[in-house]
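Trainee: Protein chains in written order, with the numbering used here: chain A, 1 to 205; chain B, 1001 to 1371; chain C, 2001 to 2677.
Because the hints were derived from the structure by calculation, they are not lab data.
All residues carry an ideal CB built from backbone N, CA and C; glycine is no exception.
Wrong hints could be hidden among the right ones.
[To be verified] Within a straight-line C-alpha distance of at most 30 Å, the following computed BS3-like cross-link-like pairs (lysine-lysine) qualify:
no. : chain 1 : residue 1 : chain 2 : residue 2
1   : B       : K1125     : C       : K2212
2   : C       : K2362     : C       : K2080
3   : B       : K1072     : C       : K2568
4   : C       : K2568     : B       : K1334
5   : B       : K1023     : C       : K2362
6   : C       : K2080     : B       : K1072
7   : C       : K2080     : B       : K1330
8   : B       : K1067     : B       : K1125
9   : C       : K2212     : B       : K1087
10  : B       : K1087     : C       : K2080
11  : B       : K1269     : B       : K1087
12  : B       : K1144     : B       : K1269
13  : C       : K2080     : C       : K2212
14  : C       : K2212     : B       : K1072
15  : B       : K1242     : B       : K1144
16  : B       : K1144     : B       : K1087
17  : B       : K1322     : B       : K1032
18  : B       : K1067     : C       : K2080
19  : C       : K2362     : C       : K2442
20  : B       : K1067     : C       : K2568
[Stated by the list, open to error] Residues of chain C placed beyond 12 Å of chain B at every Cβ, according to the derived structure:
no. : residue
21  : A2075
22  : I2298
23  : Y2509
Now for the letters of each chain:
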Amino acid sequence: MTDTAIHAPVIHHEPGHGHDTSTGLSNPKLAMWVFLGSDCLLFGGLISTYLLLRHRSVAGLGPSDVFDIPFTSVSSFVLLMSSLTMALAVAAIVRGDVHRNRIWLGTTALLGAVFIGGQAYEFTTFYREGLGYTTNIFGSAFYTLTGFHGVHVSVGIIMLLSLLVMSLKGNLGPERAEAVEIVGLYWHFVDIVWILIFTIVYLIP
Amino acid sequence: MPRRLRYALVVPLALTLAACADKAPLDTLEPKGPRARSIDHLVNPVFLIAGVVFFAVQLGVLFVGWKFRQRKDDDGRLPAQTHGNFKLEIGWTILPALLLAGVAGASVLTLLDLEDHPTDSTEIKVIGQQWWWEYRYDVDGDGKDDIVTANDLVIPAGEPVSLSIQSRDVIHSFWIPALNGKRDAVPGRTHPLQIQADEPGVYRGQCTEFCGLSHAYMRMRVVALSPADYADWEANQQEGAKVPTDDLAAQGMDIFRTTCSGCHLVSGKGGNEDVFKGAALVSGAAPNLTHFASRGIFAGGVFDLWVDQDGNGEIDLDERGKELDVANLKAWLKNPPGQKPMAPDQARGMPNLNLSDVQINALVAYLETLE
Amino acid sequence: MAIVERPADTLALPSGEVRTHDPLGVFARPRAKTGWRAWVSTVDHKKIGIMYGAASLFFLLIGGVEALAIRTQLAAPEQKLFSAALYNQLFTMHGVTMIFLVVMPLGAAFMNYLIPLQIGARDVAFPRLNALSFWVFLFGGIFLNTSWLLGGGADGGWFAYAPNTGVVFSPGHGMDFYALGLQITGIASLVGGINLVTTCLNMRAPGMTLMKMPVFTWMSLVTQVLLVFAMPVISVALFLLTFDRLFDANFFNVAQGADPLLWEHLFWIFGHPEVYILILPAFGIVSEIIPVFSRKPIFGYPFMVFSGIAIGFMGWGVWAHHMFASGLGPISVAAFSVSTMFIAVPTGVKILNWMATMWGGKLSFPTPMLFAMGMVAMFTIGGLSGVTHAVAPADTQQTDTYYIVAHFHYVIFGGAFFVFMGGFYFWWPKVFGHFLDDRIGKLHFWLTMVGFNLTFGPMHILGLQGMSRRIHTYRDGYGFNFWNLVATVGAFIIALSVLVFGWNVVRSYRRRGLQPAPGPDPWDARSLEWSIPSPTPEHNFDDPPVVTQLDDWWHRKYAEDEHGNVIKVAEPEDIAMIGDGSRAHLPSPSYFPLILAAGLPLIGYGLIFNLAIAAVGGALTLAGFVGWALEPADDPDLPPHGGGGHDHDGDGSPDAAALEAPATDAPAVEEEVTVGD
């Protein structure tokens, strides 16, 4: 507690960060919220496209031919858990626990990487089974939607690793807790989007 | 002249220059059938309201600018610093909203009316492709198309006609302004459109959805015939082509079978069904020419097939079958891509077949026999 | 951490100590205050605004030449000056250029320059991102236009309906340039949108609550919110088109079961908000100009704000009115017809409020006022023809004819472009420190007015007479000849008016010494940008202004006397800030936005021609990104101006912010407590 009390003024004096903005939200955090709002529309467009097209293929494999629900459920669970570890990372840095923050950042990145690995495995399996990107309209729509999500997760992993490097260099103290928080916002968003995609693409027939 | 009056309401310029409006076969404000007329009845009061608002605002701006201009003898004091008026604001929010609600209600009613599909309609499939229209009629209702024609959509006058609009390649839009509004031909979809012409006659149309190179030249007509003439036409169209007796035309038939039959079909005895290889084009097919000479225009409506004897700019019903516009037809056969922008190298449109003048003469003679 | 207690001044490095942060050891930190280096490395919102304006005017010339080519071809029937193939490229590129490279960035020019000034801020929220937006836009625009030299421009119309834009029907590279070029300029818009939304919400001066913001800033905020949400939708559409064209995907392949209406929906869900993105900044500018020259406050400020917001919301529910002939079915058409009707209401409210602002005022008519009043008149015509197409059955007669061409030119040219011209005359003294000549300005206005109406007025008639859009020629005997000729004459008058404007710019610059300097507030205006010297000093405000009411600056000049009469109590020269930047701290310039942006068109070329070029572009962008992340937002070697002040330069994209610190070693972190990251 003492720690927080000492550090609180630091954050408040940082220009453009918190108190002296008109909304009280720091600029980067507000910008991240705005960006995530925008990204909702990106996924909105992609998901609508997928919904419109998935049953329109005239040939080739369809969703029920390729999906391995148990496998994807596991990788979805992994991604879901990474949100938990992300929250723990934020909590740790706010407490000033740099060491635990590193552990949880690393774990989150690792879980994200496992998810991406799962996606890569899934894509190769589908491809071997005969569903290529150009095979039919379902293939194009499926790979594009999940691919865009995969790119988002990968960007998140890069951000997490950057935070980790900063932390290891001693540049990620509690006064920068907000940077972790902002990356966390992004990570949770990407996670929520996956829950949507998993439900819409995989679970709803 | 209500039409000119309406122009004047829409555009102040027309007030002074309205006299210049001349013959316009695509005019949207001269309906020649019940569907187009109901649109016209709907839009007239809207133009009127718009015209009133137009004058109010234009004169209002001028008046305010003149009345409240800073005078030469201005005392330098500020005008009253009014910040607003709540009641006024609410008023000029609600009043236009009510007015527009009325217009919206009328629009929706007309809209639903226009979609009404009479059960006794003549059903015709309209198929767009780059850059001409094909029409298919299933006369006996057995699911097989009995008449396949192009460019001139022949309908019975005074009777409802129901079109099913489709496309073979890109999006086109079928529009005969005198008969109804336009409806897009979207590949993979079938869109209904109801038309009806009051009187026998020719009604011009134009593809209105940008569809590539020759979009400007994708023209079509509706040819409305009296019920008796229509019955004759329908019977004739279901006949096969006749074998020409004339020597030159017979030569032409041979050239047609060797040179043109890859894309164009002439069905019936002496036709080329046996050698017809079907659609070689991305567009699906080239026009069916079985009754080529029964049409008024060709090449997607770019050219007149017959001579315009009364010089009114249109091949009227009675001008068909009189004097073939040989020059047009020869020029086309000589070098189609030079007459109309197309992409035959990408299998879209008619290529230059390097026909000799002798071959062209024979072909013209043959084509004229395809009545 | 003791540093917190240290007074700001003591953070200055001991003089003589050299500690350079050359990121990557390659680039010297840009320092130039003048010359081209100052421009390419600037992060100053004012320089960026000026560059947006200059770039838009440059693209205006290109789009204008395309327009003249179109009008020349259509001056008479059956002309074959340009082939159909070339004509299709001309009208496509004319539309794309005018919308994405002229009117949108003109709005961005005004918004960049004015938003920080109107809200009393020293810069935007993220100055380097702001520079990035500009460079990405510029390179995207150049990329799009280089298609002319590399096999021909896009030929599918700006609306690019599938499947006509697929490789089968548009086998050249034009549509690739379209898809990738708009994707690039879309990045610029999105980044700019996030930046300016954050700026409007977060950077307001003390006391400036949302309902004390000038109407222009309000309309800009709505515009930027629309951009933030509309851009990803067109991005999706463009991705699908790109994947179809370059990677053989099947999104618009009808043979594989695709439905071409998918593109139409995606395009217009973006496309209709886009219309409001074009016009809302103009609404804002009119709302600034008219009160000043009527010497009255804006009438019904809250209604002006809320009608703008209403337009912003309703703009999302009307997109299918572009598709009334597409075969949506009567129910959808009816719903969109009704919603479209009602979007006319808030627009009408604005027009009436402008009229009411002038009512009872003392009107003077310098050029900006003429353009503003011209806009009220001309935009109304566009609005009224808009109501006639909201009547869906009537629209099936009007859509895709010249009636529509007339409509949207009255809205975009007669609405937005008129006002941007007026805005130039209005803010020119603030930006450049000298007036544009008013007499030439009036000539400019009247030429524009006459040319504009001659060009687009007759198109109403042509459209109702049934002349289709996007046709490279028309047939004699359709009644189209006369009005087309008139329109062509009008187009050349517009071209002349643009030349007159150029002449005015040059002449006024040359003679700037001959006229009295404009002073801080030449028009006796109302908003905060007039409370600082002209031209605007680099640091904007000496100290952050404290705002107590709407039109705060005006109320510092005027007050009520004991009889309730409003009288002038202070001269602007006496109460304006003097331009003393000693208490200001500014974000440091950077090359990295330029470098990052420069890679994007190379990636575009690479995807079209050869992946090796894309690799180079990708490397450049990555290098720009890394350099950016490793570069502290503030140059540690610059002598500080003293601390304190109202600093706000927390720069960096969210992820860049996270990446930014590694290069700064421990001492640097300490300094950043005051200089920001």
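Trainee: For each hint given before, does the structure comply? Return the numbers of the non-compliant ones in rising order.
Mentor: 1, 2, 4, 5, 6, 8, 10, 11, 13, 14, 16, 18 and 22
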